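The chain contents come next:
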Amino acid sequence: MTGLIRFSFLACLVAFLGVVPTAWLAARSRRWNWLPATVLMVSLLLGISVAGVQVWSVTPLKLDLSKVTPFAFALEIDRLAAFFLFLVCGVALPVILYAWSYLPRHYSKAEAQWIWALCSLFLLSMVLVVVAATAFSFLIGWELMTLLSAALILVDGNSQERLHNLFIYLVMMHAGAAAVAASFFAFLPVSGDLYFSSLRASSLLLTPGTRTAIFLLAFVGFGTKAGIIPLHLWLPRAHPIAPTPVSALMSGLMLKTAVYGFIRFSFDFLGGGPVWAGYLVLIAGAVSGVLGVLYAIGEHDLKRLLAYHSIENIGIIYMGLGAALIFLANQSPAWAVLALVAALFHTLNHALFKSLLFLGAGAIADATHTLDIDELGGLLNRLPITGATFLVGCVSIVGLPLFNGFVSELLTFQSFLAGSTLTALPPRIILPLMAGVLALIGGLAAACFAKVYGVAFLGRPRSSAAESAREVPQGMLGGMSLLALACIVLGIFPTPVLKPLIALAQTLVPAASLPTEVTGIQRILVPTAVAVLGLALLTMVAGFKRRVTSPWACGLPGLTTRMQYTSTAFSKPIRWVFSAVYKPDRRLAVLPAGRPYFPSSISYSSVRTTSYERFLYRPMTNAVVALATQLRRLQTGNIQVYLLYIFLTLVALLAVVGLRK
Amino acid sequence: MTMLIHFLQALMIVFGAPLLRGVVSKMKARIQRRQGASIWRPYADLGKLFRKEDLVPPLASPVFRAAPRGVFCATTVAVLLIPVFRPAALLGGPGDFVLLVSLLALARFCLVLGGMDGGGAFGGMGGSREALVSALAEAPFLLGLTAVSILARSTQLARIVDWTLRQNFFDISAVHILALSTLAMVAIAETGRIPVDNPTTHLELTMIHEAMVLEHSGPSLAFLEWANSVKLGLIMSLLIGLFFPWGMAAEPSLLAIALAVAAYLVKMLALALILALVESSIAKMRMYAVPDFLGVASATGVLAVVFTVFGGR
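As you go down the protein sequences, you meet chains A and C in turn. Mapping of the first sequence onto the working numbering: position 198 corresponds to residue 198, and the numbering continues sequentially without gaps. Throughout, the working numbering is defined as the position within the second sequence, counted from one, plus 1000.
Bound conformation, chain C alone (with noise of 0.2 Å):
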């Protein structure tokens, strides 16, 4: 039975996040006072990408259509390990969440290679790009979560969930609110939203994950938006889990599930407007500023674990 729950709260990710997707683009355009694309329209964009054909560069080796393959397994196995209706999840053990943001960056990695193997400028560019917003990224991503789990003495998710489940919401420490931000920032960086990449532009003095997936194309640039989105939903499903667990079920009862199921998507919509908001109402940074902004995520990350010694109680 829970077995299921955690099967299912993985699915949910998996297929609910082209949904997210959309609803994120729907709320974009309306605060932008326009009409918008259907919220079901990542699907049919999926359905037709799927029935088309992979078009492959003559000198493309195989890797150019196993990498979209692999980034997609990479993502998806990834969200075996989020708790999201429960502070359980169907993977986990001591230091999961090194494993979390380890099978990321094996994602991203392959999402290089395949951008390369493309053999044409672009594939090297937003490889290239990529590659430093991740290199910087993956400090605070591991800072901040390294707080939290000081926090709850703790180095597996579903244990530091629980913990802050026990928690009350006013008690919340500096050490959260430094987290936070930390992750915040990082998960900006990690799906390649405005400030750090805008998913909707494909000028070449900008576009960091657009000139990776240019020459991909069929099923495999279906594998790719896919991983994308679910990617979007890992990371915010981990920030709801993290900092905003409360009402998630504590004992897997069928009602506590049904709340639960409610409370998540109230906090996922919830999470979609602050992302819709922030990218109607920012511009995106120049190239050169990303590492600013990482500084910042990475000097907040180490503020964080510093305050653990001090303010976690």
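Here chain A stands alone, though its shape is the one from the complex (with noise of 0.2 Å):
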């Protein structure tokens, strides 16, 4: 048994490597089209079944290829890296499906070629990152995921405007990517290798400060790839400029390798930390969840205001993590599985619905050729299926009852509510008043989202695109389809996915009963689902008459389009409540000056300033600068210099090693 999942494995990581040739092959014949998706889609369903059989498994799946590499490269799954595969594959799998017939609507032969190249090494390198058993398997695939996304966003275009914005992505992802590696070789003194197994027995071993330093290289590390504020300056501006089955798959699953890291470094290898850790990554969960939907709701750019949506569900994944911590720190390990499972499940759920309102907005743009929600309206009408898909991924990723995102936030809300039966005094009136955080982030969501369908999708059409736009083709609506299915079935049959993910939370926790509030959940989840749809069915049967009318129109000959609230409307009065967020900046010009009640012309602007790269990033760039100057003193050219340079540095050597004799 164990030798058919060892072949599978394999042969699926051979099968993404595989697809490249394909690609190649596909853009030279036209019979062989059919051939990269099929390969891809080969692969992941193998790596869906080794997950599948893994996560269940005690025994992790080994795999040592340190005799082909010259590091030690080796791969291990064991529950955490198996639920993590799962996600990665089952969730690129309607994606991949989406971009089968996406594809060859917006590119040529040869850039559909590179996509699906890179796209596939690009889901390689994440397999990787989440399978490693080593700080250089690791790493290697966290560089190649960073580098293979920059390619995949160069492939849809190299304006100025889009190279600053990868600019800035590379940048941050390096130094998250630094971090992450310092993180690992503070391990070394204590450790001697990287094997993961060494790091995690190594870890009792480590001083309170290299702890505390691993801990936090490993937070700031993570926490700028997951897009935590105010780390998440890239995350805006990388993700809608990606071909959209790539935003989907750069904000549903590489987002989350970054929550995998997290929870392989505080809870795997230093198996949680002090209370304060659980506080900083609560806070910093909160904040993330709160400014993340705020920034949402300004924006009416379909994919930007996603992208900050990712950053508000990474913060509510978080405030599960810190709380794990905080209970682990108080020793009440029961609870910290529960808001262990509350995150991970959140993981899966946020994965699956982002990528589902990803691939809307994509059929959005294919059916209407703009992502701006005020050029749209009266979509539904249109794209039926599209727009019963998009309204499924809406109310999951508000967290409404019967749907996946429902659960995880009910799980989450219980593991803040079980802080109140600890005996210390600050996580007793912290954790329960995040309840109160998380249903302010709730609440903003469901207002963001009905306006985002309302606008996007029902009333009349404000534009012509939207008036003439048509379905998009079977391949893209079999994506969103199952990935709205996924949210249906987990949101009211949650159970599946629970049982495997409690039994990994106690392998990461010792030592842990099972908490009923777990396991009870499906219990109340079915009769209320049955309820909901008995009735609706009661309301439906009933056989109202109907009748097409216009409606009144204050006397007017009939209503326009530009009589609809648009979406800047309608947010008006939660960004005129939260201004001190937005800190806008309103400049009114009324020409000419003199005339002010007969104006020849009258210019409104508005934009928001809560700058991070004027507060925080400039500054640092400006240090970095100052210093890069400075060292640019040591260069001077001269060959004489240089030399002293290699002498003075063999000295420094030879006393150093001296010394130490």
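There could be a bad hint or two in this list.
[To be verified] Pairs of lysine-lysine residues, derived as DSS-like cross-links and limited to a Cα-Cα distance of at most 25 Å, are as follows:
no., chain 1, residue 1, chain 2, residue 2
1, C, K1284, A, K572
2, A, K62, A, K499
3, A, K545, C, K1052
4, C, K1026, C, K1048
5, C, K1267, C, K1026
6, C, K1026, C, K1284
7, C, K1267, A, K545
8, A, K583, A, K572
These are calculated hints, taken from the structure and not from any lab test. Values in this document were obtained by computation on a predicted structure and should not be read as measured data.
Assembling the complex is the task here: the two chains are given apart, and the hints tell you how they should meet.
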């Protein structure tokens, strides 16, 4: 049995690589058009089945390739890795199905060839990250993930603005990768090598100072990838400019590898931490959650709005992780399991509904050639299936009952409420208050998605593009429908996923009993679903008559599309209440200045000025540039000086070696 | 037997809700020295609307007719979670108060979408305002419920009510007072009563709920109006259950149930009178004062949760 699993895993890895030549083939000959997507889907299916077996297995699957690589290169699928492998392969499958019919519509053969090849390698790099068992293999996957996603963004064009955004993305990713690498290397003096098993074993021997350093470096490193505020700067710039399926993969999956890495470090290697570490993660999550959703409300570019919602959801995940760390530090492992299960389940849910929404955004752009929701309207009548699946995505992300987002948010709520059972005073106050924060995030997210759906899909079309929109082809619909179906099923029957998650959380948090809150959740979801659906059926069966007629237009000849609320108008009250967050810079110019009552033109503009660039990043980059300018003095260009440097280095090294003896 | 009682208590809220609305308007009318309409008037209105047909704008999508039904379903299912005559309900489990809040949020989400599908200005206007009020009301709603749930050491509504029932009325703690004031303010915002929203106005400057339902007619409007009454009954019953459960039947004997029904009706009447008095004596707030009102509710909610650490027995 293990032999079979090992073989299928190897086959899965090879098939990912195999997509590259098939993509080349497909670009040459029309007969092989179907090949890259098929091979990629086969490898994803193999990955799903391996993960499905391993998530139940007590013994991890090991694969050591150190003989063929210069550094220790080993892969291992334990329960945590298996869950994330399942997540990556499972969510990528419908995205690839979507891409299959999306790419030929939007890209030339050569471009599609590049996207297929890069996309497959990008997925392979994510698989590598989650199954790595040495720092070397992890960092290789981590670096490839950044570079390949950047390459995929470049396929879509290389205008000056895109290059600027891409540069910010790459710089921040490498700063984060440096922090991750440093947190690995901090283990070295004690652990001897960088196998994950040695890191785990050595963590108890570390000094508290080193543990703190490792934790903080991992928090910053993975937090950059996850898009925790204020490390989120790259996220709303990089995600929207990628090709749509890649946006879905970046937002749905790539962010999750950061969550994986953080869990691997803080729970697996370090086995929890001091209480303040839990508070740090919890507060960072809460800030990201609230600010993420507030920034999203201010947006009317659909993809950028969704990118900000990724920040919000990562915030919710981090709140769960923070609560788990706090429970661990307060010696209540059962509740830590609950919080961890909540965070992991929300990770899966976010991967599902965020990919769905990004694919939906792509379908809208495909049908109308715009992503500005103020240009849309009335799309549900023209894109019925896209509209229905997008609605499922909206309701799920908001966390409304009978959809998957609700289940994980309910579990997160319960872990916060469980904070009141602790003996220490601070968590008894702070954790229950976080329930309020989560409710605020939920309320604001509901406002935001009511805006998105109401403006884009309902009402009257606001432009001729929206009026002449046509439903997208079946492959795209299939991908979205699969994801929407998963959102609904997990929202009513979460137990098949919760069970392995509990087993997984119990391996990360030893000696934990099973909290009934997790196991009993389906017992209240199913009757609720039955009641809602039964009642809905009754109201439908009642069969009331309907008549189509124009609504009263206050005496005007008829309603026009300009009379509808736009997304900007819809979000105005919320932006007004939270104006301290947006710090709007409003400019009103009335021309000519001398005649206030009879102006010839009035112009008004309002921009958000909460600028992390100005207050956080600008000083930092200035400092780096200043340091670099100073360092440049070393580079005189004079060969004698360089010889002097070599000599001094040699002396210093000899001195160090001599002193050590 | 117990299942039947739990089913009946839900049915009573659903079918008695229009009567509650009629009673409140009658009380308001008498306080304002008017004769007022009959207390059975809302039933007549619903009957009339159900007999008519749905008028649908030409460009509206299926959401336009589905949304009112969704609002009704979600609100009605939420009623199944509320303990009324006994400290138990048809549906329930750990964390069911979060489900309650979320079901009401689901109803609201449908309501906003239904309003925006009309294609006019008012739907978006009402939706935008409702989105603001509900976004700000959700946090205090959950904080207030959290505070009482911490005191009762349970996250299940029925158990919380059961715990309160076994306490002495005069042992009530500061947490209860704070949570009650939080939830009372939230209740006003959630049910759209004065001073947050005026259920009888059609003035563009202030209307919230009425703006959203403006384009709906016939059975759709009936579902919306009915759901709105049910929501009022639901939230008032929730307040009674959480803060004044005394009189509820601890064991399912016929006499105890009869007493519980009588006690519930008296408490409901008293609450309706308070609502009528408040609505007749306070002016509606400006739209932009509502965030302050809900800010106060959030602050008392936070205090209630903080005080559980010190004051919770």
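Going through the hints against the structure:
A distance of roughly 21 Å separates the Cα atoms of K1284 (chain C) and K572 (chain A); the hinted pair therefore holds under the 25 Å criterion. A distance of roughly 24 Å separates the Cα atoms of K62 (chain A) and K499 (chain A); the hinted pair therefore holds under the 25 Å criterion. Under the criterion of a C-alpha separation no larger than 25 Å, the hint pairing K545 (chain A) with K1052 (chain C) is consistent with the structure, at around 8 Å. At roughly 20 Å between alpha-carbon atoms, K1026 (chain C) and K1048 (chain C) fall within 25 Å of each other, so this suggested pair holds.
Taking the CA atoms of K1267 (chain C) and K1026 (chain C), the gap is near 17 Å; set against the 25 Å cutoff, the hint holds. Note on K1026 (chain C) and K1284 (chain C): the hinted pairing holds, with a Cα-Cα distance of about 19 Å set against a maximum of 25 Å. With a CA separation close to 40 Å, the supplied pair K1267 (chain C) and K545 (chain A) exceeds the 25 Å bound. Note on K583 (chain A) and K572 (chain A): the hinted pairing holds, with a Cα-Cα distance of about 14 Å set against a maximum of 25 Å.
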